[in-house]
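J.: Next come the chains, spelled out residue by residue.
Protein chains: 2
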Amino acid sequence: MASSLSLANHDASLQNKIDMSNARKRTTVDVAVMRDFVYNGHNEWLRKEKIIEVLSKDPVFSKEGRDFMTRTEKYNRGLRMINRVSELENSLGWTKEESRLAMHSLDEALPISLHLTAFEPVFLAQASPSLLSTYAPLAAKLGIFGCYLQTELGHGSNVSALETTATYIPETREFEIHSPTLTSSKWWIGALGKTATHGVVQAKLLLPDKKSNLKDMGPHLFFMQLRSLETHKLMPGIIAGDIGPKAFAGFAATDNGFARFDHVRISKENMLSKFAQVSDKGEYIKPPHAKISYGGMLYIRSGMVTSAGWLIARAATISIRYATVRRQGNKGPDGLEFQVITYPSLYSRLMPILARAYVYIEMGRALSRSFNSMSARLATGDTSLLAELHATTSGLKVLCTTASVADAESARRSMGGHGYSVFSGIGRAYADLVPSVTFEGENFVLDQQAARAALKAYRTIFASGKAVTSFDPASLPPSTSYLRLLITSDSQPPLLTSASWLDAETLIVLLEWRAAALVRDFTTSAASEKTDMWNVDPTIYQRVSKAATEAFVAGQVREMFKTVDANNGLGAKEKQVLKKLYLLFLLTTIETSLSDFLAFGLLRMPDFISSGVTDPTRSLRRAISALCKEILPEAIGLTDALGLSDWELDSALAPYDGAAYQALWDRAQTEPLNQEEIPNAYEESIKPMLQRGQKLAKVGAKL
Amino acid sequence: MASSLSLANHDASLQNKIDMSNARKRTTVDVAVMRDFVYNGHNEWLRKEKIIEVLSKDPVFSKEGRDFMTRTEKYNRGLRMINRVSELENSLGWTKEESRLAMHSLDEALPISLHLTAFEPVFLAQASPSLLSTYAPLAAKLGIFGCYLQTELGHGSNVSALETTATYIPETREFEIHSPTLTSSKWWIGALGKTATHGVVQAKLLLPDKKSNLKDMGPHLFFMQLRSLETHKLMPGIIAGDIGPKAFAGFAATDNGFARFDHVRISKENMLSKFAQVSDKGEYIKPPHAKISYGGMLYIRSGMVTSAGWLIARAATISIRYATVRRQGNKGPDGLEFQVITYPSLYSRLMPILARAYVYIEMGRALSRSFNSMSARLATGDTSLLAELHATTSGLKVLCTTASVADAESARRSMGGHGYSVFSGIGRAYADLVPSVTFEGENFVLDQQAARAALKAYRTIFASGKAVTSFDPASLPPSTSYLRLLITSDSQPPLLTSASWLDAETLIVLLEWRAAALVRDFTTSAASEKTDMWNVDPTIYQRVSKAATEAFVAGQVREMFKTVDANNGLGAKEKQVLKKLYLLFLLTTIETSLSDFLAFGLLRMPDFISSGVTDPTRSLRRAISALCKEILPEAIGLTDALGLSDWELDSALAPYDGAAYQALWDRAQTEPLNQEEIPNAYEESIKPMLQRGQKLAKVGAKL
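These protein sequences, in sequence, are chains S and P. The numbers in the first sequence follow this note's numbering, run straight up by one, and end at 1102. The numbers in the second sequence follow this note's numbering, run straight up by one, and end at 1102.
No lab work stands behind these hints: they were computed from the structure. No experiment lies behind these values; they were computed from the predicted model shown. Take these hints with a grain of salt, some might be off.
One copy or two, either will do: identical chains are not told apart, so a pair holds if it fits within one copy or between any two.
Said to hold, decoys possible - No farther apart than 27 Å at their CA atoms in a straight line, the calculated lysine-lysine pairs in the DSS-like style are these:
| no. | residue 1 | residue 2 |
| --- | --- | --- |
| 1 | Lys1094 | Lys632 |
| 2 | Lys685 | Lys673 |
| 3 | Lys462 | Lys473 |
| 4 | Lys614 | Lys730 |
| 5 | Lys632 | Lys462 |
Generate coordinates for the entire structure from the input sequences, incorporating the hints supplied.
T.: This is how it looks when you write it as structure tokens:
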């Protein structure tokens, strides 16, 4: 077939390139300056660029053909890549952080993530000094490969119901790890299926009392060897394997696994005992804080904001590039159809996504800083920052995972038919990120926690029904700073005019008022009296959680405006455009919850109402549309500034040079079905069917 | 490994079965009676049951291992199934309709769909009698396999910009079909990649005028042979192949293809000339109605409501069954955790999905009847029903595809972590249905058309700014019946109390008022003056389209209440439960557009406001939650009544008997990675990595 392809006419690709090049020329922001801002400094960008250069040139990391691979092939390729990064770490002298950056840049959900973000941090934070001295260096150099065994076939969100047991045997100073039932099988554990040699197992600690009855001390963590370091065979008494493919072909290279333990003995030292401990006799030594082991979970959750930001960045880059070169619809004076990005139906969808990418990446960074402060204090036993971070990350995890998954799908759909091709590149990213809405805290459960935290904060202040006059609003942490609005009893939500939609501080205060109004209203509902919210209508706590979290995020955006103003590296133009992005983010945040703002009377627009306008939401929508149009000429520059290379994006619809149609054509030629003109199905199925049909049609004709 | 599995404890599965059995006992509706209703009569149900029995017992249709297949294997399996159904059609004497039902029951997006729903209907409706006499019997018996070539690499929604040409050559009475550019390549054409022998090609008809200049007559349809019936090789001058995998691994068994034509000559008879024709000399003979060829598109769109209904039915059945046996969270007096379906966060999500399944299936049937009436008239040249069906299906296609895709994903997420396993069965269905939001009319474009139709209807009545007094509201077609509310100038939206939420007619009128208010408001906006809406903010026409379509749907639901009342086959209990489902459907329809109702002052609740309630939406939400709880005990019966067998559902999480955990465990054991204890990746990647890591850790220790 290849020979006949000379028929291809390259005009369209030429136009693609012209369109992309013109879009770049229209951009007025300095892309390099903006990129340095996105990457938090020029050196960070250079470091990343250098790593990407190494990876993109190495054949081990080639993405060719990966869309045609079986899961086993994808798994094998994943392990090859992990091994190669580990080699490069040593040969090129990468720091641990650089090697992590490399692993995360591979555009594939890999088992190493579980080692790096679940196993190692928990192990380092909670293992005893003696365990650490032996295994920490091995974990750091991948001399062992770890996983984190929490979820069971029958148990997820409710950790206290886990069935796996760890029974202490004082006689031998051992724990016996056991899976008593089918439903106690560990399940979904990333890297457990075929890769991991070791794991941290969450199990119910059972201690014998004086009468030798076993007492359940709740879930604790145990370090276990799962596979032989000589043969990779499972250790005696352990059954384990892969749980099978995931929906949407997501996480194909990760061996999420199951495991069952049949009375497996491990040494007492294998309990992660930095906090809770068991004496040789089997007495329980309490941890200083009941929730001290939450650190690992918070680490994973706070990292999810950054991942969400980068998924959105990827979706924005691909969809905006494609919409720039795709022409469809009416013809302009040049006789060409318009670029689809010039249509409001496209830019009104894509500019808010771009804005969200910028905000989330920045917010992820701030959250990492908060996590590090909390973590440093936690290491010294100081748990004072834990509650605040827990409240913040619960709501944020819901907000960011929901938004990023929705944005990725919205961006994919904006590409019309071609967006459904695997070569568009967004589907893959979506498939890998979509489980984030159900793992690491199911979003409904987290919404309950976030709402509860808001309620608690409210009640602390308004214990007697009205504000304690001596209460200092400045003492409120960022997560509930919006409650200050309720303390002065005469304060009112702002009055709005159409100019208000261009004033960031007004929008931020509006978002804070909405949180204050919803939380206050929530306290008057019967639901707030329940000690848990399992039996509460979810719309109640979801609205509260969303409102409180978006008020927190609005506060973060307030800080971003200040940071931009204070940044000497940015020029006036870049500052102006960044502020437009932040403003758009705030406006669309309000738009998606309009029913709340209307229901609580927060769109106070006396001028509009007196002028006889029926629909009070129209001026907001008009402001969003106008702002999107203003940002539009900068869109390609702003996506370039996200710094994602063609190798990273791996999208036929979004090559840097714009030549999407040629790229899509070229990719299609590599499809395995095209390697032979006559498919195998012909002899087996098609031919007999056609021949029978022809015979029957003839018989029919004769009748 | 298999030997050690004796460790498995079956208690949990036993509990699964007990939970399912108890849920069945709680159901008070007669499942068989309800099922006959869903299937539109006992005979229809029997016919389907008989077909499913044949299919589910035939090894060709076994679903074992399909989740592990490559795309090529899935394609081959698909063709085997098509061939087998065609064999069964003949050997068992199935009618054409029964064989279609069989094809559609295979739970796989197959190339035959394009033959049955795109190629054949268009061919039958528009081919000349001579073409029909030769090819219609062959198409009916699969002696030829057809596809429908419209979309091009560079052109989708805007059919008038298609680049493929059909140039008439009077000398030889031939058309020359040609693809002048890369972007004119036909693309996405289902069954074209490797299967189809023939196709209907949409191409720009070029006719020579007297000076032999070519005149563009716009897109027309041509019947072409693509592959040899002897060898299956492509006909001379044609390049074709498969366009590659789709996102989310969807449509894997369908060979969506590309094709390019290099000056391919076909006989003049091959033009589909029932309506537009070309004389031997090359003169154009106009069709009687410009849009007469829209029939095929409307057929596909009206079928999409039914498909959406059955996708939702599948999602509802799987998620409700799993939520019935999954126990998680707080413990009840029996010491067991509660079934998750008892939590509002689950049943408030799942009962509305179940209600939507019932409404859409019923509505799809009504729409098919409308299509058949329209089609019968169209065949006689009467186009009077075309505009109404076009207006209705545009908005409905958007509404139903968006809702069904969202419901499938919402149901999948309701299953928590396990919902992300491919074995859950919902991901597959989602992956195959999600392109429906971008194909057969991109949803934004259709929203524009629906909004325009609403506008046109409004202006016809209110030409001079106020209603023509002589206008008879009864003359309004169902699609714009809501406009009657504006004709009597003193009519007002209903006043609401909490009892209103239980009154279907009030809810229907409320939905109609919202459409009337939005359409009226739309006419006052500048956007309504534009001849096309490409340059209009999408939120404007999307809101209008949604409002108008939901008013139409509300009208359909009004008819459903009447149908249920008149149905003698249903008992009082079934009638009552069906009405609750319809009521819930109406309530949630309002809930999802609350911002519209609030912005236009349609939630007129004087009692609430005077009693000092802050949030006027609370009573609606409370009514929804209460109604969901009322329907809950019937949920398993209502999903059973949807009549989907275990073979059809193919879900490890939703076996009829409830034993989800055992099924999930069993499926995982069949994963190819589990067939050997040591993965191939061990020698290649894992071992070198571990050994290097151990060495480096040792070196580190010595330093």
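J.: Now tell me if each hint is right for this structure.
T.: Verification of the supplied hints:
With identical chains, the CA atoms of Lys1094 and Lys632 are at most 27 Å apart between copies only, with a shortest distance of 21 Å across copies and 59 Å within one. Taking the shortest alpha-carbon separations for Lys685 and Lys673, only the intra-copy value of 11 Å comes in at or below 27 Å, while the best inter-copy value is 86 Å. Taking the shortest Cα distances, Lys462 and Lys473 sit within 27 Å of each other both inside one copy (11 Å) and across copies (23 Å). Within a single copy, Lys614 and Lys730 get their C-alpha atoms only as close as 77 Å, which misses the 27 Å cut-off; across copies the closest is 19 Å, which meets it.
Neither within a single protomer nor between protomers do Lys632 and Lys462 lie at most 27 Å apart by alpha-carbon distance, with minima of 31 Å and 32 Å respectively.
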